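For the record, the sequence lines run as chains A and B. Per the working numbering, the first sequence starts with residue 1, numbered consecutively. Per the working numbering, the second sequence starts with residue 1, numbered consecutively.
One thing to keep in mind: the hints can contain errors.
When the alpha-carbon atoms are kept at most 27 Å apart in a straight line, the in silico DSSO-like pairs for lysine-lysine are as follows [stated by the list, open to error]:
1) A:Lys165 with B:Lys288
2) B:Lys130 with B:Lys33
3) A:Lys196 with B:Lys288
4) A:Lys172 with B:Lys285
Here are some chain B residues the structure puts well away from chain A; computed CB gaps all over 12 Å [said to hold, decoys possible]:
5) Met44
6) Ser53
7) Asn74
8) Met84
9) Asn98
10) Ala118
11) Glu124
12) Pro145
13) Met150
14) Thr164
15) Leu182
16) Glu246
17) Arg248
18) Met250
In case anyone wonders, no lab produced these hints; they're calculated from the structure. These numbers were taken from a predicted model, which means no experiment stands behind them. Every residue, glycine too, gets a C-beta built ideally from N, C-alpha and C.
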Amino acid sequence: MKNYDALVEDLAPKKFGKYGKIWIGFLLAIILGALGCYIVQLREGLIITDMRDYALWGIYISNFVFFVAISLVGSLITAILRLSGAKWSTPLTRIAEIIAVAAIIMAGLTIIIDMGRPERLFNLFIHGRLQSPIIWDVVVITTYLVISILLLYYPLLPDFAILAKHFKNAPKLQKWYGRLSLNWYGTIPQQKLKNKSIRILSIMIIPVAFGIHTVTAWLFATTYRPGWDSSNFGPYFIAGAFVAGAGAVITVMYILRRIYHLEDYITSKHFDRMGKLLVLLCLIYLYFNINEYLVPAYKNTVEESAHLKGLFVGHYAALFWLVIVGGLILPIIVLVFPQGRKPLPVFIIGLLVVVGAWWKRYLIVTPTLLHPFLPIQGVPESWHQYFPSVMEWIITFGTLASALLIITLLVRYLPIVPIHETAMEQGVLETDKSSK
Amino acid sequence: MGRSMNINFVGILTVAFLIFAMGEGYSQNEKKKARVTLAFNKIMPKEKYLTISAKFKGEEGFEPATDLLFDVYNVLEFDSLVKMGQITTNAKGEGKFNFENLMAKNADSSGTYNFRVAVNDNKEFADVEKSIAFKEADITAELMPMDDGMNSIKATLIDKYSNTPIIDQPLQLQVKRLFKPLKLGEDIITTDSSGTIIVPIDSTIPGIDGNLTLEVVLNESDVYGTVKANITGKIGTPFVNQSTFEERTMWSPGTKTPIFLLLSFNSVIIGIWAIILFLIFNLTKIYKSKN
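Using the sequences and the hints given, assemble the complete structure.
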């Protein structure tokens with residue numbers, strides 16, 4: 001077991017190396033390209049996309065749903081595992097919270113990107129109808145963002161105090177960490193306030209997280225269309241979000257573990273447990289998938305039939321089966337075996353799950369829009385199909401790169417593994433050490 | 001020299017005449033041929049008009065002959081014509097010629113009116129004429145209460161010229177509605193020996209304040225054209241306005257949000273944000289906390 005100083009040294013944020021800088025440059029290049037395209041979109045309107053009267057929601061909305069799904073991981077790892085007393089998840093909580101904050105910020109921005117006239121965003125608040133799930137979504141996203149930031153910030157207070165002391169030789173960092181620690185001395189009243197607040201946040205974030213994704217699901221389910229007309233859409237989306245979020249945590253924790261040499265803190269045991277958790281989540285999600293496709297297929301109405309045919313054997317069949325098999329069934333098979341829950345296989349599966357989760361949202365949004373109950377008359381043939389334009393792709397990659405940039409920058413300045421909690425769990429915390 | 005010039009001059013005149021004549025013949029052949037239908041309509045007590053419908057066979061089937069000017073003539077004895085006026089077809093190829101004063105002098109000795117419409121010298125359409133002959137009939141209608149509390153309508157059809165009942169003629173009974181009339185009954189009701197029909201009216205038909213306007217129609221009779229009589233009475237069920245326009249519903253504008261939604265949504269949001277503010281306040285307490 002490491003002593004306190006070694007532990008702080010291990011877990012304190014580190015400067016970017018050569019590859020870190022290249023990574024930042026790479027992300028910035030994508031973001032700048034996306035910004036350029038977005039300026040064109042602002043000037044010329046959504047006509048630069050391939051969205052038309054049929055596919056009025058395209059890649060932007062599927063990307064938005066993906067971000068919302070990923071953001072749910074904050075509540076899963078941090079809140080649910082914390083409340084259930086699963087101590088093993090401590091080294092993963094910060095990663096989960098960082099991913100949640102990055103994803104929810106980008107979810108909000110992606111909605112604005114999807115708006116044809118973003119300068120009229122304020123009208124949404126002035127003229128919005130409380131009856132519309134879109135308003136509920138706006139409110140719940142804002143609320144979830146604030147809660148996620150608080151849930152990230154509260155456990156950081158003692159860590160900031162520790163870092164302020166650790167970075168004695170870097171006055172600027174020391175000053176900032178000192179300010180952010182809010183005069184944390186680790187006193188009993190402070191401890192009590194912190195623990196109580198984290199507990200309240202952990203409880204509160206669960207219904208809000210469920211709310212955010214349920215409301216997002218209602219955006220679809222309250223619209224009478226084949227593929228969306230389901231009373232089960234809320235739980236279906238939540239189950240899918242947990243899968244996507246767990247996959248994202250596994251992917252990020254593997255990469256950070258490798259880069260920052262955190263093998264002593266994020267161990268094979270964590271991958272094994274996250275693997276088991278992912279199997280459980282995948283099985284639940286598979287159940288919901290069967291439910292979502294089997295019932296409409298059994299009823300086989302004309303419109304549902306056309307929609308399902310497109311997914312099962314039609315235009316979207318290859319993508320659909322890749323997503324179901326590669327992003328859901330294969331992970332279950334691999335992760336059931338202990339060998340499959342070793343760090344590298346779990347990482348590969350986690351990556352597959354995340355990519356599958358992204359395309360799954362695309363499959364939820366697009367094919368349905370192409371098969372409305374009431375076909376639109378007199379539109380060009382090309383409007384019956386949808387595939388994102390180059391500019392849509394670049395802007396979307398820009399949002400994904402932005403999320404990764406937020407994660408990267410937070411990882412640069414925040415301890416990836418909670419120092420204070422880890423030290424406490426390992427019994428090496430010296431109370432006076434956490435004070436200034 | 002002078003003789004040959006004369007020959008040339010005559011030759012040029014001949015060729016010019018032939019070209020002109022051929023050209024005229026060619027343009028006549030190219031003119032569209034309008035198909036015209038005429039119908040006489042009478043709405044009791046006084047409104048009488050002739051409807052003219054003109055079509056031609058175009059590239060996409062029968063198309064309306066629009067802006068076609070018709071002269072309307074009254075054909076009197078010995079085939080003498082009296083011009084009554086003119087009417088131009090609208091975008092649907094239809095025109096309505098009102099008879100302001102249709103009197104006995106316009107009819108022949110049997111009480112039959114003969115009219116002819118004609119298109120002459122139209123640039124686009126070839127000359128065409130169409131005739132119609134009709135007699136004038138009247139329908140009188142009255143509402144009668146029945147013993148069981150229901151109402152019935154009694155309508156009588158008479159020949160105006162001879163003032164005799166018209167028997168065995170089918171009459172259609174319908175309720176006047178905004179777009180299309182609501183036809184009552186599926187069976188054809190024919191007039192009896194006194195030219196009369198009596199039909200009970202279902203009292204459940206909705207109308208504003210219970211008012212119904214019933215129409216008795218002699219439809220497209222070969223002899224009398226179309227004759228219609230209206231009668232209004234409080235014989236239906238008062239219409240209950242079920243519009244939710246003024247109510248607070250899920251489909252109302254933002255200013256009419258249902259109270260339950262306002263209360264539940266806002267209380268949840270206020271509750272959550274109160275806790276968030278409390279947690280932010282806790283941060284300030286941590287900041288200010290001393291040993």
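Now for the hints, and whether the structure bears them out:
no., hint, result
1, A:Lys165 with B:Lys288, "holds (20 Å)"
2, B:Lys130 with B:Lys33, "holds (13 Å)"
3, A:Lys196 with B:Lys288, "holds (17 Å)"
4, A:Lys172 with B:Lys285, "holds (25 Å)"
5, Met44, "holds (43 Å)"
6, Ser53, "holds (29 Å)"
7, Asn74, "holds (48 Å)"
8, Met84, "holds (45 Å)"
9, Asn98, "holds (39 Å)"
10, Ala118, "holds (41 Å)"
11, Glu124, "holds (30 Å)"
12, Pro145, "holds (48 Å)"
13, Met150, "holds (42 Å)"
14, Thr164, "holds (55 Å)"
15, Leu182, "holds (28 Å)"
16, Glu246, "holds (16 Å)"
17, Arg248, "violated (9 Å)"
18, Met250, "violated (5 Å)"
Violated hints, listed in ascending order, are 17 and 18; each of the other numbered hints is respected by the structure.
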